[in-house]
Every structure is written in structure tokens, then in C-alpha cells.
Amino acid sequence: MRTKKRVLDILWFVLLTLLTVAFLFPVFAVLINSFKGQLYITSSPFSFPTGETFAGLANYLNGIRKIRFFEAFGYSLFITVASVALIVLGTSMTAWFLIRNKSKFSSFLYYLFVFSMIVPFQMVMFTMSKVANTLNLENPVGIVLLYLGFGAGLSVFMFGGFIRGIPRSVEEAAEIDGCTPISKFFLVVFPLLKPITVTVAVLNAMWIWNDYLLPYLVIGSKYRTIPVAVQYLQGGYGSRDIGALMAMLVLAIIPIVVFYALAQKSIIKGVIAGAVKG
Amino acid sequence: MKKLLFFTLLLTVGLAFCSCGKREGVYFFNFKPEIAEKYERLAEIYEEETGVPVRVVTAASGTYEQTLKSEIVKKDAPAIFQINGPVGYAAWKDYCMDLSQSELYRHLTDKTLAISDGAGVYGIPYVVEGYGIIYNEEITDKYFALSNKGTTYQSMDEIRSFAALKALVEDMTAHKSELGIEGVFASTSLKSGEDWRFQTHLANVPLYYEFLDKGVDLKKPATYANVEFSYAEGYRNLFDLYLNNSVTDKKLLGSVQVADSMAEFALGRCAMVQNGNWAYSQVAEVTGNTVKADKVHFLPLYIGSAEEESQGLCTGTEGYFAINKNLSEEQKKQALDFLTWMFTSETGKAFVTEELDFIAPFDTFTDADKPKDPLSREISDWLEKEEVYNVPWIFTVFPGQNFKTDFGSALLQYAQGSKSFDEVKEIFVRRWKEESEKLS
Amino acid sequence: MKKSFFRYFPIFVLPTLICFFIAFFVPFVMGIYLSFTKFTTVGNASFVGLRNYITVFSASSGFWRAFFFTAAFTLVSTLTVNFFAFLLALLLTRGKRGTNFFRTVFFMPNLVGGIVLGYIWQLLINGVLNSFGVDITFAAKYGFWGLVILTNWQLIGYMMIIYIAGIQSVPKELHEVAQIDGATAFGELRHVTLPLVAPSVTICAFLTLTNSFKMFDQNLALTGGAPGRETSMLALDIYQTFYGSVGQEGVGQAKAVIFFLLVAAIAGAQLYLSRRSEAKAE
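Residue numbers (the numbering used here), protein chains in the order written: chain W, 1 to 278; chain Y, 1001 to 1440; chain E, 2001 to 2282.
One thing to keep in mind: the hints can contain errors.
[As the list claims (entries may be wrong)] No farther apart than 30 Å at their CA atoms in a straight line, the calculated lysine-lysine pairs in the DSS-like style are these:
#1 Y:Lys1332 with E:Lys2172
#2 Y:Lys1214 with Y:Lys1419
#3 E:Lys2038 with Y:Lys1325
#4 W:Lys269 with E:Lys2038
[To be verified] Computed Cβ-Cβ distance ranges for the label pairs, DEER-style:
#5 E:Gly2182 with W:Ser44: 51 to 61 Å
#6 W:Arg65 with Y:Glu1103: 28 to 38 Å
#7 E:Lys2096 with W:Ser266: 18 to 28 Å
[To be verified] Covered by chain W, per the in silico footprint, the following chain E stretches (three or more residues, Cβ under 8 Å):
#8 2065-2071
#9 2189-2195
#10 2242-2256
Quick caveat, the hints were computed from the structure, so don't treat them as lab data. All residues carry an ideal CB built from backbone N, CA and C; glycine is no exception.
Kindly produce the complete structure, drawing on both the sequences and the hints.
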């Protein structure tokens, strides 16, 4: 009995280790190919770089120069951080206000926000870029406002659901103290929202960091975020640099891995909470 | 604290609205990603000289038309953009300004090259390019020096027909180990999106002769709404020669890219490759490149037609500058000024020949202004040969990308043995007709 | 109350609401209007009634091809993703050492963006197909299975986490009771675990469904629709109709409206099903 259990344990471990290898293999393959000369990537993608095929850091230097990677990284970082901050601030205030001031008008607005959640981006891609163009929002600051607007639905919905679960009595104590709604929100309510704030922040950060079409259509010709820049290396008329592409894929993955390593628990928790709510 | 937050919010909103959309200068929407950096340098030089800023924006390759479509409806729309021929003009005619009165058009050497609807001129070609079979003279010389060779040829000048080319290539294949090559021709890149050398460029030659026979007028689409692909046999012969004397087994061609083929040529693994003068930088950039600049030359694409002894290279252009007519007069003038400067001023001309390596079709360029890269120089030499006629680019009237894609994948299936050439021919004729109908 | 409502509304709601109107509401209404017009920019739209919609449903617009491709892809990936994710979740809820590490690894691909994912798998799939002398753009079936594999890699870890949460919420006593009753491992799975994780199954099924149905970035990067437009899913087909052809903007916008209605229908079905199971539970 004991030995049978041990055998099962070992089997379990071996199976999962094999699966882990399989899961990590794609990233690993990109990593080794990023050090190989262009010519050898298509012809033998699964071999290690050797003397002849080893290209050193050439692909990295090439790619960084071609797509101005660090500039793209800067835009991605700025847009993601600013948008997430603004979304958290703006939608938590909106959700609280609409939930706590019940009226026909406020529930109409609330459901309008919720409705926007189910509208796919393709539905508004052309008209949104047109509106953004008319209002001069085609810059890294303007796009933050677009993200607040387009991301508001999900975030208002999630904050709203959470706020409904907070007993009013907590807030009423503050009212007696003579607080204005503003200080009441920031001193009493906002700290209570911390768990859902993390969820909202994680979900929006993942979406905005990886988003392609919106930044491509709105600011893509002037400011390139990382996904837009990577797509910029795509092939055509023989000019495709697959070596640089591999190197840029590696550089695009690194920030994500770092972020994941630092905030793994919050990310997983946020994603589950988001899934269950959404 | 909260007031601060609120004001930050307001400030962000305010900032975004203020950062003005209308920007000064010329918006140049570049078609060629491979030379984007050079254009940017040219723009800097222009700004230093004239004070007028030029903004170069480049679309990723293969997405030019898509990006142009989203850019051109914006407030800050491109001033200079590119159309690729009559088909491109048809798509963008609402935006193309009449250039018949421009200085640049006056300087155009051959006025028939421009895109015109009879009354106005809407696109001005800015670069002449050419293609054929590029060969490495060092390897062919090595062959001619062989004592046991099976032909009597002594130099490439004797190769003036398909029959001669076939005899040469097949005997070179027989001696490939002595020549130190893996095949005479570089791989025939038939990966989807990488097959344009064959579904477009090579197909130009048989159609040129067919159009000649039929007296087709390129300005009248009705005259070529149907084709017979009557020179299909000649096309097949040359294509077979590529496939059977290649570095790569013909069953494995579906994953080969143009860059792979050019690298094979650069590394000396093969002696010949079909491509154009634009590909020289691709050869020169390969690490371990063994091809010497003075040893690369062109050979025409012989398909066994009647007068092929005097056939030259395929030369023409796919690049026409157009000016956005919906901009203000000031902006249009600035855009034209930039183009005129680029092709007439000393600084501009020097940059065009030395950096961009363009063969510019304007009378301001003299013999001294030939580009320095060897393949471009070869093209201008061939253009000057009195005794040969050049095959013009008629593939600009091929009925769209879908036609080319389908023809290309049929060629791949032929190479892999799953389609006969008769089926390929049938697809060519049928898809041409279907796609032409969609356009009219 | 009323007075303070109007006093604080501009601070709490207005900034978000303005952005919401700019980024969503105005474009949405304009989008619906434009789907009934012929236009190249918003300024020159002319009303054409239902003509765009008629074109969408005609054979040559590519809508049906994209729709059936999307539907088949969505079905296959929803089934495979959930099957494998559930298996993994079962393996990772046995309280063994190393469980946490494995979870962390399996979840990771979910964080990688669609464009990057697409290129990673293009390398791998072409690497394998290369030995047969073709690549992923050679035939639509390669692109189809390529997308399925990619989606599995991306979503299995995510769904696994949700299933793990579901399985762990099954009270221990229930398992003990089942074991005392002499249930086999399979019987225990079928009669104890499965019924109790049913809500997780609904959630995961709809998450995979919506994710696959709306997929764009991965599609663009992996195949770009090639060969031809045979592997374009609905979202990519709309994009290509809009920006990849001449004079088709109205048709593209009409396709987008239909796409929105389809997505809304899926969301409606999800809402209905989860409401019903909630009502049952109470």
C-alpha cells in the first residue's frame, strides 16, 4: 500500500514536470532562437545556437534600433500606469456615487456602463479613432482618457458589485462627524475597496499593456507601444528580420515575467475574482 | 488631497485637449520600411537647409494601404503618399492632386511613365527598378575555366536565349561539387507572402509577350479583362529550371522566404537568383557574405520567345509619389517643394543616388549621378544598351492581391507535385477573369 | 440629498462619464448609424438603407466563411481548453508538494499578450511544418489547429485556476462520506466533485467561448488570415473589410454591428444560465 502510494506520487511528479517542460518550451524556443543568425531560424528552429549559427546580441541590437524598443517600452509603461491609476480613481468614485445615490437617472447611467462591457472593440474601432482625431486625443495622454472611457464599463461594474456588499452603517458614522462626501469617500470608503481595487488594477493593466488595435489605430503612426512595435517587424517584400523578431519577443516577455514574479498572488487572485464577477 | 486629485484629473483632460493636432511641416508617408531611417536623415537635412520640418511616418511592410486608409481621413493627414500604379490610382483618386503643372513633372524624362487619366497627372514615378537573374561572376568564371565542362561557352555574353541558359545551368549542376555550390539557383521561395518573385515578377514576362501579340492598351482595362496565359510553356520551362537546379529540394519550398534565398546567394552556396536591384543591400548585409561587388551582374529572364536575343531586363516602377489634394494650398506647396528639392537640388540628388541608391527618372540626373550599388548601376547600364529592348512592368495591372495569392499557392502545389501545370494555367486564367470582374 | 447630488455629481461621475461618452457612447451610436450608410469618412456618409447588411450576407463578402471558421474554432477550443484545464485542476488539488510551483507555471502564458503569443507559436508551428516543406499559411487547416493549440496554451492555466478554486470549495466531509460509502474514485468525481463545480464549469465555458469568439490579436499575428482570408475570424474579417479593401467601410461597419449582436447574445445566454443556477441553489 505504501509503495503503491509512493509510485503514484512519483508518477504524479514526473507527469507534471513533463507538462511544465512542455508549457515552458515555447518561450524557451524563442529565447534560443533569439541568439541565432536569421538564416538558421527558419531552417532549424529547434537546435541550439552553435559556433556558426550563434549571432550573439546582434538580433537584440538590431531589433532595439529598428523598432526603438525602449521608446516603445516607455510609452507602454506610461500609458498603462496612467490609465490604470485613472481608471481606479475615476470608476471607483463613479460606482460609489451611483450606488449610494439611488435614482432612476443614476441606475440608468450604471446600466449604460454595464452595457458597454459586452460591446466588442471592432464595433467602435473606426468611429472611436475618428472622435479621438477630432478631439486631438491622438497622443499618449489622450489615449489614457480613451482607456478610462472604454474600460469604464467593467470597472464600474466590479466596484459597484463590491460596494453593494459594504454595509451603509460604516459610512453613516462618518456622516455624523460632518464629513463632505469627498472626504468620506477617500477617508472611509476607498480604503475599504482595497481588495477589489487590486483586481480592477490587475485586469486593466493586463488588458492595456497587451492591447494592440486601439493604440495602433489611434496613435500607432506616431507613438508605438510594445505590441504595435512588435507587429511592425512583420514580413513582406523580403525585409522581414525574423532574428530581430525573436529578440523583441524575448524583451516583450521579460517585463511580464518580472511583474508576475513580483505580484503573483495578487494577479492570480485578481484574475479569479474578475472571472467570477464578469 | 482630494482637491489635488481632482485637479490632476482636470489637468490631464485639459492637457489632452490642448496638445494641438495641426502640426507644422510636411507629412511624408513612406512606403519602404527598409529605407525609413534614410528618409528620416534626408528630412533632417532638408529642415536644416530650409527650416521646413518633414515628418517621415512609415507603415509596417504589407500594411501600407491599411494604414494610409486610417491616416488619410485624419485632420493631420499625409501630404505625400505613394500609389503603386493604375490600380492604386483607382483606389486613391479622391485624394490625388493634379501634378501636371508641377516642376517635378517637367523634369520627368519619360512622361509616359507617369500616372495620368488623359487630362491630369496624379502620380510621378520616383525610382526606376529592374529585375532579372542575378549571377555571381566568380562562380560562372570558375565554370568556364573547367576543363571537363560539357558546353562550349566561354563567357556569360554568349548566354542570349533560354536554350543557352538551360544548357549552361544543367551542366553547372552536373559540376556543382567542383564549383563549390549546392545548386545553381537559390531556393525558389514559395512561402505565402514570399512568392512575389514568381507569381508577380516572373509572370510579367509571358504576359508582356501576350499583351504585345494582342495589342493590349494598358490604359484600357477592358482590353485585358481576359488573358490566355499563352506563353505558359515558356514560364514553366524557366520555373522548372529554377526548381530542378536549386539548393533546396522542390518539395520543401513552402517555407522558404526571400531572405533565405538571398542569404544563400550571399554566402556563395549558389550562383544565381532571380531578383531585382533593390535586393543588393540584402546580399551585402549578410554576415559572411562572399559576393564581391564587381562580380554581380544581371541576365534577362529568357522564356524562349521569338526575339529573345535582344530581350533586356524587366524595368519599370511601382513607386509613384502623389500629393494629397485635400490639404491647404500652403501644405501642398510645401510638400511639392520638398519633392522638387529632393530630385533637383545638389544635396537632394546626392542623397538620392548615394544613400537611397535610386535610379531617378528625372532629367536633372546626369551620368555622373548614377547610384553606387552595383546592381542599380547594372540596371542603368542595361537601360542604355542600344541593341536590347526592355520588358516594361505590366504587373501593375494584375488584378489585385487575391489573384496573385492564388496563383502563388498553385505554383507551390505544382512544385510539390500535387497539381499539374495545366491546372496552374487554368487557375491563372480563371482567377484573372474573376478578379478583373470585381474591379470593373 | 438632491442638492448634494448635483453638487457632487460633477466631481464623482462627470470626468468618467465624459470619457465614457467620448470613447464609447458617441462612437457606438455613430457606428450603428454608419452601418446604414456608404462612407469613407464620417463627413461624407450617405444613407443606403439595408444595402450593407444585404451585402454582408451575400456569398462574396466573406462573412459566412469567417463565421463558420469562428464557430468551429470556438467550439473546438472551448471543449479542449476546459477538458485539459479540468484534468490539470484535478491533478493539482491533491495537496502534494510542488503544487504551487506547477500552478504558477501553467498560469504564466495567460499574461502574455496576443501579438507576442501569435509570433511565438508561428515560430514553433512553422518549425514543425518546415520538415514537411510547408508552413502555416499553406492550408486553412494548419491555421485552424495552430489557433486551437495557441488558445489552449494561453487559456488552460487560467481556467485551471478557476477549477481549482471550485474543487477546493467542495467540503471535505462530502469526500469522506463518499469514501465510507465505498465509492470508486471515478464515482466520487462524477457524483460529488462534478455537481459541485458546475458553476465553475459555466464560468469557464463562457470565458473560453467569449475569448475565442472575439479573438483578434492572436489571429492577426499567427496567420493574418492566410491563405487568402481563409483563416480570418470574425474580428479580423471586420478589420480587413474596413481597412484592407476599397469602398467597403459601410459593409465593415454592418459586419461589426452583427458581430456585436452575436457577442451580446452569448452574454445574454450566460446571464440567463447563471441566474437560473443561482435561483436553483437558493
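Verification of the supplied hints:
Proposed proximity of Lys1332 of chain Y and Lys2172 of chain E is contradicted: the alpha carbons are some 77 Å apart, above 30 Å. For the suggested pair Lys1214 of chain Y and Lys1419 of chain Y, the alpha carbons sit about 29 Å apart, so the restraint of at most 30 Å is met. Restraint check: the Cα-Cα separation between Lys2038 of chain E and Lys1325 of chain Y comes to about 22 Å, which is no more than 30 Å; the hinted pair holds. Simply put, Lys269 of chain W and Lys2038 of chain E have alpha-carbon atoms about 47 Å apart, too far for the 30 Å limit, and the pair is violated.
The beta-carbon spacing between Gly2182 of chain E and Ser44 of chain W, approximately 56 Å, falls within the hinted interval of 51 to 61 Å. Taking the beta carbon of each, Arg65 of chain W and Glu1103 of chain Y are about 36 Å apart, inside 28 to 38 Å as hinted. The hint said 18 to 28 Å for the Cβ distance between Lys2096 of chain E and Ser266 of chain W, and at roughly 25 Å that hint holds. Coverage of the stretch 2065-2071 of chain E by chain W is violated. Counting CB-CB distances below 8 Å, 0 residues qualify, and the rule asks for three or more.
Only residues whose C-beta sits within less than 8 Å of a C-beta in chain W count toward coverage, and the stretch 2189-2195 of chain E has 0 of them, not enough to reach three; the restraint is violated. Residues of the stretch 2242-2256 of chain E lying with their CB closer than 8 Å to a CB of chain W number 5, which satisfies the three-residue condition for coverage.
Checked against the numbered hints listed earlier, the structure breaks hints 1, 4, 8, 9; every other hint is satisfied.
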